[in-house]
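K.L.:
Chain by chain, the residues run as shown.
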Amino acid sequence: MKPAPFHYEAPRTVAAALALLGADAKILAGGQSLVPIMNFRLARPATLVDVNRVDELAYLRKRDGVLHIGAMARHATLERSEMVARGWPLLRQAVRHVAHHQIRTRGTVGGSCAHGDPTAELPVALAALDARFHLRSRAGERSLGAAEFFVSHLTTALRDDELLVEIEVPPLPAAARTAFAEHARTHGDWAIAGAAVVVAPGHAAIALLGAAPTPLRASEAEAVLAAGGDAAEAARLAGALADGEWRTALTTALVRRALAEAGA
Amino acid sequence: MGAGAGVRAAKLVGAPVVRREDERILRGRARYLDDIELPRQAHAAFVRSVHAHARLTAVRAPETAEGLVAVFTADELGERVRPFPVQAPDGATVADAGHPVLAGEEVRYAGQPIALVLAESRALAEDAAELVEVDYEPLDPVVDPRRAGERLLEWSRSSGDVEGAFARSARVVRGRYALPRLVAAPIETRGAIAAHDPGTDRLTVWCSAQDPHRPLAQLSHILGRADDTIRVVVPEVGGAFGSKGVVGAEVPAIAVAAIDLGRPVKWAEDRLENFQAAYQGRGMDGDVELALDREGRILAVRARLLADLGAYLYSTTAIPPHTAAMLMCGVYDIAAAEVELVGARTNKVPTGPYRGAGRPEAAYFLERAVDDAARALGADPVALRRVNLVRSFPHDTPLGWTYDSGDYERCLDVALELSAGAPPPSGSGLRGTGVGMYVERAGGMWESAEATVEPSGRVVIRSSSSPHGQGHETTFAQIAADRLGVPIGDVVLRFGDSDVVPRGVGTFASRSTAMGGSAIVLALDRVIARARALAAHLLGADVDTVVWEDGHFTARGGGTLSLGDVAAAAYQPERLPAGTDVGLHASARFRSPLIFSSGAYAATVEIDPDTGILRVLHVAGVDDGGTIVNPLLAHGQVLGGIAQGLGECLVEEAVHDEAGQLRTASFADYSLLTAAEMPALAIGDVQTPSPYNPLGAKGLGEGGAIGSLPALANAVADALGGRHVDPPYSAEKLWLASREAAER
Amino acid sequence: MRIRLDVNGRRTEAAVEPRTLLSDFLRHDLGLTGTHVGCEHGVCGACTVQVDGEPVRSCLMFAVQADGRDVRTVEALADDGALHPLQRAFNEHHALQCGFCTPGFLMSLEPFVRDRPDASDEEIREALAGNLCRCTGYEGIVEAVRQAAREPR
Amino acid sequence: MKLTNEFEVAVPIERTWETLLDVPRVARALPGATIEPEGEGGAWRGTMKVRLGPVTTEYAGTARIQDADEDDRVASYRVEGRELRGQGSAAATITTRLAGADGATRVVVETDMQVTGRQAQLGRGLMEQLAGAILDDFAARLEQELRGVAAPADAGGGALDVGAAVRGPLIERAALVGVGVLAGLALGRLVWRR
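Going down the list, the sequences are from chains A, B, C and D.
Sequential numbering from 1 applies to the first sequence in the numbering used here.
Sequential numbering from 1 applies to the second sequence in the numbering used here.
Sequential numbering from 1 applies to the third sequence in the numbering used here.
Sequential numbering from 1 applies to the fourth sequence in the numbering used here.
If we strip away everything but chain A, and leave its shape as in the complex, we get (with noise of 0.2 Å):
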């Protein structure tokens, strides 16, 4: 389990590893999802663009009550930073539940959007949390939400010529309150299943874990709740997007959770 040769560069500037990037390159972040897959060879990029030493990335900045986060943000720092906690609860909510803290002191915010994995934690977390993907490459850049973003499992919106340079965050609406809940078979192992919510007078967010081949919003489940419903209610029909019986019981037990931990 040795991973295949390849070329190695270490750019330090965003406009320089734009500069490199392209149809063999692979952008290496904090490497905890491709390193395993290269050391499988399962992957063999004949370039890697390691973008750690972009210090340019590495930020979380509050800025008119929105939260920017450069693609280049740790885990543990989003993990320990008291200002996304008190603004955006979520987020430490479900950053808790990426794998293992030797995993979030590499792992950042930006590489785990960007691998598109539909059991991923913070991509479910940041649909919940309406946030806007921002994209560049040498032509010039772009902004996406959540459904735009992520296309498929391990497949987003990225061209290879595309970096994820910042996820930005609004504001939560007055009053609201957040839960994050999953199901794994071991503590850290990979979730089966799982649920965001952000519940707040007149507002509900509901993102799902594992229903679908992205983040899933569950907008049946929401429009009820926003407008006064039952959460059991709300729980079943989020529940009903997961495919299987099982999976449908399993979404609604931690939607039901979820909900009923943000007080709705």
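It is worth saying that the hints were derived from the structure and are not from the lab.
From a predicted model like this one, the values you see are computed outputs, not experimental measurements.
All residues carry an ideal CB built from backbone N, CA and C; glycine is no exception.
Each hint should be verified, as a subset may be incorrect.
Some, not all, of what chain A presents toward chain D, calculated at C-beta under 10 Å [what the hints assert, rightly or not]:
1) Leu34
2) Arg41
3) Arg44
4) Pro45
5) Ser152
6) Pro213
Please arrange chains B, C and D on chain A, whose structure you already have, making use of the hints.
P.N.:
Then chains B, C and D, alone, in the frame of chain A:
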């Protein structure tokens, strides 16, 4: 470090002495296999079959590749190797289907080694291995053992009036129970380094193994070399759990390569290889029938066991199913038994011993059947067990084994007492409780020891037992220090090098303390006898008047010599009586019949009916491993065993698809439990000494993995209102079962 | 590629291939074999070392990525020869058997016992969950971490 | 692993049948595939590159007609390939059954596929996911081919980006059944996470 180093403890046997081997490990100085680097070593990678069953029509090695040293296929090995030796357990018939070293004309499981590729680094060897072209003609694989046309193992035994018992029984209970294949998954994978000295034609193999003796015998057979031309060295071993008792097929291949190339060859297995090619455990079904009378007495047991043995036989492949078959009377006094065992040939990696090795299977099949019987009779499962327990020893089972000693009911009582510590019901889940009992075959055959008291008074013991985490260096030193009355710090243990330690059988089946420890006792008693004679000579006293006590020889008429004084004299020929050998040492070989540990476990679980998620709330485990030398280490063995039993119940399962591909070939798909899943545990012991060895020891290495399984399985069935589900207890399975149970 | 880094407080310079994993570099190039390799896919935790004070999986980092960093391995845990309180506690509570996973546990948990004297058992178990042990059943490890965390220093 | 796709084309059965016996045309409908124009001994050589996120596999092999039942309009193709780098392989028997009605043809494509090697062993569910995606796309492109529309040239150096190429069908499936296979899950496994 190491409590008591340099200090004389009053009595060490029975004391929770902390381990002496820990310090080098904690400092990162312990040397495991892959920590050893030999000059000029080449690195091995293997081309492995990607098909579960195929004819091999061609294997083409690349002509060049960066760093490539050589490629070996079955053709290159030629007549220099034979397949692995096959052993038939008592009364069994086994097929002549020893595992080949490298595949020749046919591959029979995905992962089977086809070619050995050697290069200047492991990475380069993997690069070159990708360039080897293998042409296959795929054949239909046999994945389901029930559809296997070929049998690798057959055994049956019937004793007592089985027919009559079933005919006159008040109730017959039948059940089919199945355990999936498991992966032993020691955190250190397998591996070996082979080096050959052409001058002396000596082959040295460093091998991550459970002991040096069995690998040596296997290599001697496979390579057709005399024992004395091979030296096997077992370095620090990062866990085995049964999976390193037979060397991998890879090891003889690298041995031939090392001889041919005139340079050392290292094979450090990676995790993917370990999943694909290390022999797996369990994989057995049992059809069990119990005949009971009105009082709930079990009159007879009838069982048909089917083992999914895989593609070939290793020398230990037939042992776990045979052990399971022999233990189908468990802790119960059953007059008649009929057991048939079939080992099916399938296109999967072979099976072999994994912690418990047949005992968990037997305990699971029988204890589930006993609980099903209790439910059928409307009886309390504990009461039903009490009616049937073996109560007098030695006890001959109808299947032909003799239980040496035990107090099964006491184990059960203590387990029930401990289980009172389970947390109260949460109110929302389906709660279940269950007990499971077992009897464990341990000991047997023989082990050796050599003891030398150096002129300095330090005691060097060479043991044929071999540690891989159990703590022999501490427990054996406790035994020796007590026996000799010397500080534990003066006792040095040597293990694992076939040139250094006396020949023995090996470390498996919970046998080290009882067998290896007893051999040390015998050797030391001989040392003491020699020293006493010498002390008498030195003191000018009659030997019968010299008293040995607390490390000293005292003559009745006065005069005292310590063992160290005597040892110092023993190396000075002028102080010895005429005709006495210089030095103070002795060796011994200890033999014993099989001995039988036992235990009782109680588990409390809750199933969330909404999701099927199982919560294990409490496990109480009581083991009777005979006299315990070190309770700290003994409990460590039990706790570790319980964790493996829990893993088996909760998550572990080697899954093969219909094409015979292993679908759980990494820790991403084959989960091990973490600290976060461990429930509250309560451990107790009952110590019924074995009459068959001077220590009174039996064995404790596997009890936790054996007893926890049936207790948990019975608790799960109880929570489901008696519905039977086989492990692992995934949430999906339990959710479906709980829904069916509710609908009933 | 040439890299310069501090390993256990010692300035180290070496030439490495980009694909060399940090774990292999430490073990085979520097001879620091206390760091063990158990799975090479980031699950078992045996290879955990500290990079700039944070525990990381050394099998999921390339050695080139450690250029300019400060790497600490189990060999440097004992301070001036005396065992670290966590190492002592592991011995006293029989928190290791085969010991193969032990260095990973130690390097993962050392910052935890330093920073979390009041950790609950549940938090301890969670902190341990990133390292697999196949021998002990974790009970001794939980006790050792609890003791080392509580120990005043 | 067995998969079935079905579609209808407004092309008479005779013409559909003729097209299906043209191996390069059929093979070209395999996503990410390149095929040599001339066959040899009834076999056409070609390559196929499959990509799912960071996981890339390239196979080289052959395609041939296994049998053709003109009476019942059933044709079977055998496609076999081995990894260009690595020991794994993929093989499929693809059977097309035609039924004509009013100048149109109903085409049923049944595929029995075996994948070996790491791709099969690592990541429970990944292979099913990949195969399902490939065959959905194959059926769609075959349908286009039969309608006489040339299949679009592959983007991205000929590699099929399974995720991208089949996002349509996948999302539809997601909407319909929540993606059963995905759910089988582990999808998140091979695939790691972060």
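K.L.:
Now tell me if each hint is right for this structure.
P.N.:
Hint check results:
1. Leu34: With Cβ-Cβ at 6 Å, under 10 Å, it holds.
2. Arg41: holds (6 Å)
3. Arg44: With Cβ-Cβ at 7 Å, under 10 Å, it holds.
4. Pro45: holds (7 Å)
5. Ser152: holds (4 Å)
6. Pro213: Status holds, d = 6 Å.
Of the numbered hints given earlier, the model fails none.
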